[in-house]
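Got chain X; can you put chain G on it based on the hints?
Order-wise, the sequence lines are chains X and G.
The opening position of the first sequence corresponds to residue 1 in UniProt numbering, with each subsequent residue numbered one higher.
The opening position of the second sequence corresponds to residue 1 in UniProt numbering, with each subsequent residue numbered one higher.
By construction, these hints were calculated from the structure, which means they are not laboratory data.
It is possible that part of the hints are untrue.
Listed next, the in silico DSS-like pairs over lysine-lysine satisfying Cα-Cα at most 27 angstroms (straight line) [what the hints assert, rightly or not]:
1. G:Lys2 / G:Lys180
2. G:Lys128 / G:Lys118
3. G:Lys113 / X:Lys12
4. G:Lys155 / G:Lys180
5. X:Lys89 / X:Lys252
6. G:Lys2 / G:Lys220
7. G:Lys128 / G:Lys141
8. G:Lys21 / G:Lys7
9. X:Lys89 / G:Lys141
10. G:Lys21 / X:Lys252
11. G:Lys180 / G:Lys118
12. G:Lys121 / G:Lys180
13. G:Lys220 / G:Lys180
14. X:Lys12 / G:Lys155
15. G:Lys155 / G:Lys121
16. X:Lys89 / X:Lys167
17. G:Lys118 / G:Lys141
18. X:Lys12 / G:Lys220
19. X:Lys12 / G:Lys141
20. G:Lys180 / G:Lys113
21. G:Lys141 / G:Lys121
22. G:Lys220 / G:Lys155
23. G:Lys128 / G:Lys113
24. G:Lys180 / X:Lys89
25. X:Lys12 / G:Lys118
26. G:Lys220 / G:Lys263
27. G:Lys141 / G:Lys113
28. X:Lys12 / X:Lys202
29. G:Lys128 / X:Lys89
30. G:Lys7 / X:Lys252
So the derived list for chain G, only partly shown, Cβ under 10 angstroms to chain X, looks like this [claimed, not checked]:
31. Ala73
32. Lys76
33. Glu85
34. Ile97
35. Gln101
36. Ala102
37. Val281
Every residue gets a Cβ at the ideal spot worked out from N, C-alpha and C, and that includes glycine.
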Amino acid sequence: MSHSASNFIALKTIWIKECTRFLRIWVQTLVPPAITMTLYFVIFGSIVGERIGEMSGVGYMEFIVPGLIMMSVITNSYSNVASSFFSAKFQRNIEEMLVSPVPTSVIIAGYVGGGMARAMIVAVIVTCVSFLFADIQIAHVGYVVLTVVLTSTLFCLGGLINAVYGKTFDDISIVPTFVLTPLTYLGGVFYSVSLLPEFWQKVSMANPVLYMVNGFRYGFLGQSDVGIGIAIAVLVGFNVLFFAMAYYILDKGIGIRS
Amino acid sequence: MKALEIKGLRKVYRGGFEALKGIDLSVEEGDFYALLGPNGAGKSTTIGIISSLVNKTAGTVSVFGYDLDTQLADLKRQIGLVPQEFNFNQFETVQQIVVNQAGYYGVPRQLAKERSEKYLKQLGLWDKRNEPARSLSGGMKRRLMIARALLHEPKLLILDEPTAGVDIELRRSMWDYLTKINEQGITIILTTHYLEEAEMLCRNIGIIDAGQIVEDTSIKRLLATLSRETFILDIEPGHNGATIDGFNHRWTDDHTIEVEVDKDAGLNRVFEQLSEQQVKVLSMRNKANRLEELFVSMVEQGRQKEAAQ
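Excised from the complex, chain X in its bound form:
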């Protein structure tokens, strides 16, 4: 059997294993985002949103739907890979892969694929929930798919890097709590950055999540706070950077080989 055929089987195996894992614990992985996002829709969309009125020319509920879907994608992509890879490291069953001929790129692709599968299922669930609260139209399906895939890939890679470096379970909860949540909340999920004073608008431009949320929102509403080209470029750039980092540390065996 050729190496590429063998690698494809290995990739499929890791992906199936990852999907089996999050589906086995669906109450912990798929149900919470549905409940959390329903609460967001009820509180921010229906109760508070009606008083806010329009944001960027659309109803507040329509405005926050893309951001909330993206928030679920970011959180689930990150936590799926971080917790799965860290558990494998903690239980030492990561050695099953390290002793086998699976190339580093296939290990990364397998974990990213698993994280993406969970994120996409959650995205579909949250989108279905949003249909109960708002009349959702999609302006550019291609951009919706492209931004969600690139964002999910990026945060899966981020979760992987975090898990490789993490030594305790605390280490893998620090980044979501102290980095991801602030960046997401300040990334224009609930507001348009045009509402901010000029200085804070400029500061917000340094937040990569802003480009993801707005790129995704452009796909839904056909409008955003940043140019779609810049949003895609930022996403591609961060993906390349994070993949290179993940490849380097896994290939060197940092944190997983003596």
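Coordinates of chain G only, in the frame set by chain X:
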């Protein structure tokens, strides 16, 4: 063909500890080879490097001609590893664990399932195939690791302390199984603390201590160097005053005597003397495992040599 060839292998861990000091080792195809050594001698580091879980500092390793540095993927395909610690996902089922492992080696899922039936049946785990691994007993978990290592049908099986903490009955059945697969052509390297295990199973042996190979030879040749053995004689009570001239001996209680016998002296003189004193010998056995005596003396000699340098 050499199943394993190691030259000048060194490992210096971060912090400066030199676990391996440039060892050379070779194992022929089809061999059943034991790597013995006290705790911290470098056995697990050696195995870790061969299976690429540990990065080497210097030296070369090849498995069936495939070089660790330049042909890593091909080298890995030749090896099945049974580590010392349980390292599978405790929440996955027995069959998921072995089928996934085969998948990492490129074995198609359907074929992996067929093979899982074969190996899980051989190792008495087929009935447990749908159970999560955490529900297995310690012995079953060890057998699961052997099944997992065999599913991609490697040519070299490496076992790190495979029978540690396993009861005697299970240990014997694992010995039988390993002997059988070795006869079928799989080269086996094992590390063990049970020297009886090495003596029973293996043809060749390497003794490692403080990161150096102290001995690399056949077990037969090694045992032939043993010049003296100690026997324990169970004596009918009431004769504890008996003596055996010309042999070091001592009474350990009123019905047991230990006698040291040179290899070329034979046991006849011992029995003659005891018979003359009307002492009835009820049974006799070796005091210690023969290999254990040699092992201890070799490790000590190695340390003395190093201290002298």
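Hint-by-hint comparison with the structure:
no.: 1; hint: G:Lys2 / G:Lys180; in the structure: 21 angstroms, holds
no.: 2; hint: G:Lys128 / G:Lys118; in the structure: 14 angstroms, holds
no.: 3; hint: G:Lys113 / X:Lys12; in the structure: 15 angstroms, holds
no.: 4; hint: G:Lys155 / G:Lys180; in the structure: 14 angstroms, holds
no.: 5; hint: X:Lys89 / X:Lys252; in the structure: 15 angstroms, holds
no.: 6; hint: G:Lys2 / G:Lys220; in the structure: 21 angstroms, holds
no.: 7; hint: G:Lys128 / G:Lys141; in the structure: 11 angstroms, holds
no.: 8; hint: G:Lys21 / G:Lys7; in the structure: 11 angstroms, holds
no.: 9; hint: X:Lys89 / G:Lys141; in the structure: 19 angstroms, holds
no.: 10; hint: G:Lys21 / X:Lys252; in the structure: 23 angstroms, holds
no.: 11; hint: G:Lys180 / G:Lys118; in the structure: 15 angstroms, holds
no.: 12; hint: G:Lys121 / G:Lys180; in the structure: 15 angstroms, holds
no.: 13; hint: G:Lys220 / G:Lys180; in the structure: 21 angstroms, holds
no.: 14; hint: X:Lys12 / G:Lys155; in the structure: 25 angstroms, holds
no.: 15; hint: G:Lys155 / G:Lys121; in the structure: 21 angstroms, holds
no.: 16; hint: X:Lys89 / X:Lys167; in the structure: 9 angstroms, holds
no.: 17; hint: G:Lys118 / G:Lys141; in the structure: 17 angstroms, holds
no.: 18; hint: X:Lys12 / G:Lys220; in the structure: 48 angstroms, violated
no.: 19; hint: X:Lys12 / G:Lys141; in the structure: 26 angstroms, holds
no.: 20; hint: G:Lys180 / G:Lys113; in the structure: 22 angstroms, holds
no.: 21; hint: G:Lys141 / G:Lys121; in the structure: 14 angstroms, holds
no.: 22; hint: G:Lys220 / G:Lys155; in the structure: 25 angstroms, holds
no.: 23; hint: G:Lys128 / G:Lys113; in the structure: 14 angstroms, holds
no.: 24; hint: G:Lys180 / X:Lys89; in the structure: 34 angstroms, violated
no.: 25; hint: X:Lys12 / G:Lys118; in the structure: 23 angstroms, holds
no.: 26; hint: G:Lys220 / G:Lys263; in the structure: 15 angstroms, holds
no.: 27; hint: G:Lys141 / G:Lys113; in the structure: 19 angstroms, holds
no.: 28; hint: X:Lys12 / X:Lys202; in the structure: 43 angstroms, violated
no.: 29; hint: G:Lys128 / X:Lys89; in the structure: 25 angstroms, holds
no.: 30; hint: G:Lys7 / X:Lys252; in the structure: 23 angstroms, holds
no.: 31; hint: Ala73; in the structure: 4 angstroms, holds
no.: 32; hint: Lys76; in the structure: 4 angstroms, holds
no.: 33; hint: Glu85; in the structure: 7 angstroms, holds
no.: 34; hint: Ile97; in the structure: 8 angstroms, holds
no.: 35; hint: Gln101; in the structure: 5 angstroms, holds
no.: 36; hint: Ala102; in the structure: 8 angstroms, holds
no.: 37; hint: Val281; in the structure: 52 angstroms, violated
Of the hints listed earlier, those the structure fails to meet are numbers 18, 24, 28, 37, in rising order.
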